[in-house]
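Each protein sequence line maps, in turn, to chains X, H, D and W. Letter by letter, the first sequence follows residues 0 to 243 in numbering that gives the first Met the number 0. Letter by letter, the second sequence follows residues 0 to 287 in numbering that gives the first Met the number 0. Letter by letter, the third sequence follows residues 0 to 339 in numbering that gives the first Met the number 0. Letter by letter, the fourth sequence follows residues 0 to 426 in numbering that gives the first Met the number 0.
Derived by calculation from the structure, the hints in this document are not laboratory data. Just so you know, these numbers come straight off a predicted model, no measurement behind them. Watch out, some of these pointers could steer you wrong.
In silico contact screen, one side only, chain H against chain D (beta carbon under 8 Å); selected entries [claimed, not checked]:
1. 91
2. 98
3. 114
4. 267
In silico negatives: residues of chain D with every beta carbon more than 10 Å from chain W [said to hold, decoys possible]:
5. 48
6. 104
7. 185
8. 205
9. 215
10. 249
11. 288
What follows is a list of derived Cβ distance ranges for each label pair [said to hold, decoys possible]:
12. W:81 to D:98: 47 to 55 Å
13. D:27 to W:422: 55 to 63 Å
14. D:112 to X:62: 48 to 56 Å
15. H:154 to W:76: 39 to 47 Å
16. H:55 to W:321: 21 to 29 Å
17. X:93 to D:211: 20 to 28 Å
18. D:112 to X:44: 18 to 26 Å
Ideal Cβ positions, reconstructed from N, Cα and C, are used throughout, including at glycine.
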Amino acid sequence: MPHTTTMATMLELTDVDTYYGASHILQGLSLKVGAGEAVALLGRNGAGKTTTMRSVLGLTPPKRGSILMDGTEIARAKTHRIARQGVAFVASGRRVFGGLTVAQNLELAARTLGKRAAADGRTLEDVLTVFPKLRELADRRAGFLSGGEQQMLKLARALLGNPRLLLLDEPTEGLSPAVVSDLGRWLDRLREQGLSILLTEQNALFALAHVDRGYVMLKGRITHEASAEELRSSEEVRAALGVG
Amino acid sequence: MNTFVTETVSILTNAAMLFVVAAGLTLVFGALRLINMAHGSLFMVGALTVASLASGLTGGWGFAVALIAAVGLCAALGAGIEISILRRLHDREPLAQLLATFALVLVAADLAQRVWGTSDRTVATPVAGRFSVGGAVVPEYDLIVIGIAAAVALGLWLLLARTATGWRVRAAVEDPETLSVGGTNLALLRTSVFALGAGLAGLAGAAIAPLESVGPGLDTQIIVAAFIVTVVGGLGSVVGAALGAVVIATVEGLGTLWVPSYASSAGYLVMILVLAVRPWGLFGTPDR
Amino acid sequence: MTVLEEKIPPATARPAPRPAARLLPLLAGAAALALLAAAPYLVTVSAILSLEQVAAFAVFAVAANLLIGQAGLVSFGQGVFFGLGAYTVTLGWEHAGLSFWEGFALAPVLGAAAAALIGLVALRARTLYFALITLAFSQLFYQLVEQNTGFTGGANGVFAPVVPAWMESPVEGYLTLLGIAVAALLALWWLYRSDFGLLLRASRENRARVQALGTNVYRLHLLAFTVSGAFCSLAGAMFVVYNQGSNAELFDWTTSGQAVLMSVIGGMYTFAGPVVGAFVYQFGHDWLVRYVSDWQLVLGGVLLLVVILRPDGLAGALRRPGRLRLSGRLELPSRLRGRK
Amino acid sequence: MARFNAQRWTGLAAALLMCGSAAACANAAAGTGGSGGAGGGSGSGGTVTIGESTTLSGAIASLGQTGLQGVQLAAADINAKGGLLGKQIKVVSADDAATPATGVSNVRTMLDADHAVAIFGPVASSVASAEEQITNAQQIPIFLHTSNDIGLTTTTYSKYVFQDVPNTVMEPRAAADYLATQLHGKSVTIATFAPNYSFGQDTVAGFIQALKAENVHYTLVKQEFPPLGATDISSYLAAIESAQPDYVFNAQFGGDLVAFTKQAESYGLFAKTKVIAMYDYSVLQSLGSAAPTGAIGFDRAPYWTDDNSTMSAFVDEFRAKYGDAPSEWAILGYAAVQQWAWGVEHAKSFSGDAVSAALSGASPATILGSPQIRACDHQTELPEYVGTVSAQAASSSDPTHLWDTPAFEAQFDQIDYSCAQMTALQK
């Protein structure tokens, strides 16, 4: 297991303040994701986990603070520029383009960002090898897929952009136990391939089983930071997260 | 038979014209969630451009050149409007955007009067002939108008169904945020779609110019008709715009035959009836 | 009213205003009223004429804004009721021999009845579809009035000495309209401040929530549409005093659009906004039309600036900062509406 | 707090801009438009003000714009000859956007703020009838030189109203008379086509009535009423075309008539059918070489049919000033100002009562000769002109097709109601 102290930093948030209108959501938030590291962002509903991701993506730009992506400041960049820096996002919920077919969803992703790294990056073929099910569903309208299939499609779409950092927002939400364990396997495989990952989860036990390190958030601030094992065993954290 | 053919061709021509105007409006609504009141102004600019070029460029090719110039000018104007004004209002409620485009209608009316004056102009019909089918007269230019509409319909279908840009436009209707997260430059996409819509308005104006007196007032004449068609078909749906155009043209055409004095109200009645039954139009989607 | 008490954070819900803070708007209102009543003796005749129109349009805009700004229902069809009010007076005089005041009293009743019927259909549509179905009603009425020449006078309208002679002079006409406008605006003010008004604002912010808490939003909106129709119709009847008659264009969507413009220019999230809007728009319009050949260019340009620079309208600028924050939760979130 | 203040300032700036721009432009307009109006517009100094509120924007702006040119030129000519009762005439004008309420607002301002002593007419009849209410109440003469609804001199008539154009009864009657002279008792099929509002309906009804009065043997095969300003009229045209009438009487004017002609041409309607419509100078000029040769046109004051020297001098002057021949709207506007000026000189007063009394029953000299102003309804006894659109362009440099000469001149007493009929309509 690599240690944060020695490895290069992929993503670094420093003293980030983000507002929704007048509400102060992120209050001086700082966190780091190392290159090739998987990090979990834990906390209850409303703690600001999704806002953290939206801040990184430029969807809800921070008012103050710095966000470095592989050394480049992205706190004030446009969302599509951030995506082109190699940040991919798998949102929670049914965020596929329901009116397009599965094939069109995938091709759109491949043609938008895939070209950038086409030489050595993942091709549509590679992704379909990982998710063979999607090949069968190619001509189906994405809106008609099941929750698990949609999750698969969202993940495949994100990977087609050849990201260096993958943001996953509540990936297990609404999935059946079988699909959740599939998801775990895919995550482990992506870690092995050296992808940096930041994921938010309500299901702390799932998250901590597939990451190196974790942060606990409360009311827009980080309250704890530790390795996955420590967090798993900490009574205090378990209580804070409401985990049995 | 005679009446039937004449009536059918005229309904088709009317529908074709309405479709070309409405297609741009509905496309813009789909991708930008914006009702562009200035669509009629761009339509007028298209017609006026052809009218001022037409005297220098004669014949069928001359007209084609003027038509392309009109489309180009309107698309450029559209891009300018989107970048300088509408982009700033994108995150605001739809009413703000609606009023901004309404303000543009006022501005455009006076500017057009400044540039082109108040007198009515005419454009020589590039194809003045006519032929007869089953004893009924069909103007050749009607076929050109129908042809232009068919080309626009085919072009839009190819764009939306077959190209990545088209998929982006459709995806932008559903979930612009996810699209930008995937690396699409939304601002550029919006500008392009608005310019395309404006170009289509210009095309419609240019196509109608040989059949009309071209002068002030064309803008407001067309915009309400375009709204009816777009809303009946469902905002944002190109297929809906086509169907809406046919429905409205048919109702007006048959109304002309059967109840002439109420034909002009028929369009509004149809719109009210459609929305009473399907509050989001025939092919629209309920607002999220 | 549990809905709203939940919505407004307790800290900002109803802070007991300092006595001075409560008195100030009252004093300002009284001063403005005194100024308006004295206006005929202070300003030129042409300004009085504009003021006469403002009196009718202020009622029209505030009534329309009950839907636009308060309930979030952007109607482009309030001209239907404005026109109906005007025609009730003139056609009542012409066909039924009603006096001006009889027609005037009948106008809001007919307006309410028509609004209830139209609302039943129109309110099935939402957001922009609602805007456009109301626009269709506006145009439909316009066409019908213009075509039924025998009954309505067609495009020529009904211009006849229906207004009592003593009201024909600008000063008397204006003072009468001012009195009626103040009474109507007080009634509307009471509605805004009532639970009904609060519920309307709540339904604008979160329709599903209000519905879930047991209010039938469709019925709520139908009631608002009816009330708005009644007051718009009253405003139309007032307009006859200025216009000395009625004409088909009063039904047109451009008339409906005027109410929307006034609300937005003045500020649609406040009660006074549309009144300010009516002032600024009418005076601006009258001056521009009379003295500027490119008046549409200037009007459009200014409108564009207001829309871009002043999302809350001019009334936002005239409001004291404290008040803005006080009602922040309830009145500002439209800005946040874009967020997911 | 700082942010709020910023918003506050932009808001106030916008408000100030609105008022400021209006005021600035107003001052500018007053400064430039008041040509020598140093004495103020009140009529007490060296100037006297007349007002022209008409349609200067939108679809019928061309009628209003040229009408205004006629009025301004007439005032300038009178001023050049020393003015009226020693005063220079100042013309204030405003756009009514074809909306009665705006027309009312304009006229009330012209009367109350500018102290205008006479009002000259709008394009739309609805605006005219609204303005009559105001001028009647304030006892100011109004000269209607464009809108011509018969109702303006009947139901809303007062002694302050002057109708300076052939009215809606006269115009179709003249066309019917001309048709009768062409037919020599032959029976024909006729269709009508008119915008769907009072002007169109009245004109068509008047035409049919006139055909009956002239004992024309006709069969009415089709009547169409498209909406005013309809963009696409092909289905209405198709209906007309399929009825194959010998004649189509069309009550459209201006841009609508131009569009009708273009679309009718594409159906080949002119090959089998003669169209009778207001093919006046403006419409023929817009159509240029696309003019429908052989169609029957009517015009209220075609400059080319009048060969008296006063008219030709006026045409030359108008061309020199505006670079174009005068439309009927310009000619009638000019003549209306001449009438008013004549009335002022004979009454030796600007008062509405005096001018009205002087003009009633008088025959002032204008560029249109000296037609009488009928005492019972203040209708100027103008003829209406009807002609056949020529196959020849006016000249090698001007592609406009005018009419074959000589044109048919329908005399006033042949085409208008009698005074007894008018008085009955006035109630």
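Hint-by-hint comparison with the structure:
Taking 8 Å as the C-beta contact cut-off toward chain D, the hint placing residue 91 of chain H at the interface holds, the least distance being around 6 Å. Proximity of residue 98 of chain H to chain D holds as hinted, the smallest CB-CB distance being about 5 Å (cut-off 8 Å). Against a cut-off of 8 Å between C-beta atoms, the interface hint on residue 114 of chain H is violated, since the closest Cβ of chain D lies about 12 Å away. Given hint, residue 267 of chain H at the interface with chain D, holds; its Cβ is 4 Å from that chain's nearest Cβ, closer than 8 Å.
With a least CB separation of 5 Å from chain W, residue 48 of chain D falls inside the 10 Å interface cut-off, contrary to its annotation. For residue 104 of chain D, the requirement that its beta carbon stay farther than 10 Å from each beta carbon of chain W is met, with the minimum near 23 Å. At roughly 25 Å from the closest C-beta of chain W, the C-beta of residue 185 of chain D stays outside 10 Å, upholding its exclusion from the interface. Separation of residue 205 of chain D from chain W is adequate, the least Cβ-Cβ distance of about 25 Å exceeding the 10 Å criterion.
Distance check on residue 215 of chain D: its Cβ is at least 37 Å (rounded) from any Cβ of chain W, clearing the 10 Å threshold; non-interface status holds. Chain W draws residue 249 of chain D into its interface by the beta-carbon criterion, the shortest separation being 8 Å against a cut-off of 10 Å. Residue 288 of chain D, annotated as away from the interface, has a beta carbon of chain W within 10 Å; the closest lies near 6 Å. A C-beta distance of roughly 52 Å is found between residue 81 of chain W and residue 98 of chain D, which places it inside the suggested range of 47 to 55 Å.
For residue 27 of chain D and residue 422 of chain W, the Cβ-Cβ distance of about 58 Å falls inside the hinted range of 55 to 63 Å, so the restraint holds. Against the hinted window of 48 to 56 Å, the Cβ-Cβ separation of residue 112 of chain D and residue 62 of chain X comes to about 52 Å, which satisfies the hint. Judged by the Cβ atoms, the range 39 to 47 Å given for residue 154 of chain H and residue 76 of chain W is violated: they are separated by roughly 58 Å. Remark: the range hint 21 to 29 Å for residue 55 of chain H to residue 321 of chain W is upheld by a beta-carbon distance near 24 Å.
The hinted range of 20 to 28 Å is satisfied by residue 93 of chain X and residue 211 of chain D, whose Cβ atoms lie roughly 22 Å apart. For residue 112 of chain D and residue 44 of chain X, the hinted distance range of 18 to 26 Å is not satisfied, since their beta carbons lie about 49 Å from each other.
In this structure, the earlier hints numbered 3, 5, 10, 11, 15 and 18 are contradicted, and the remaining ones agree with it.
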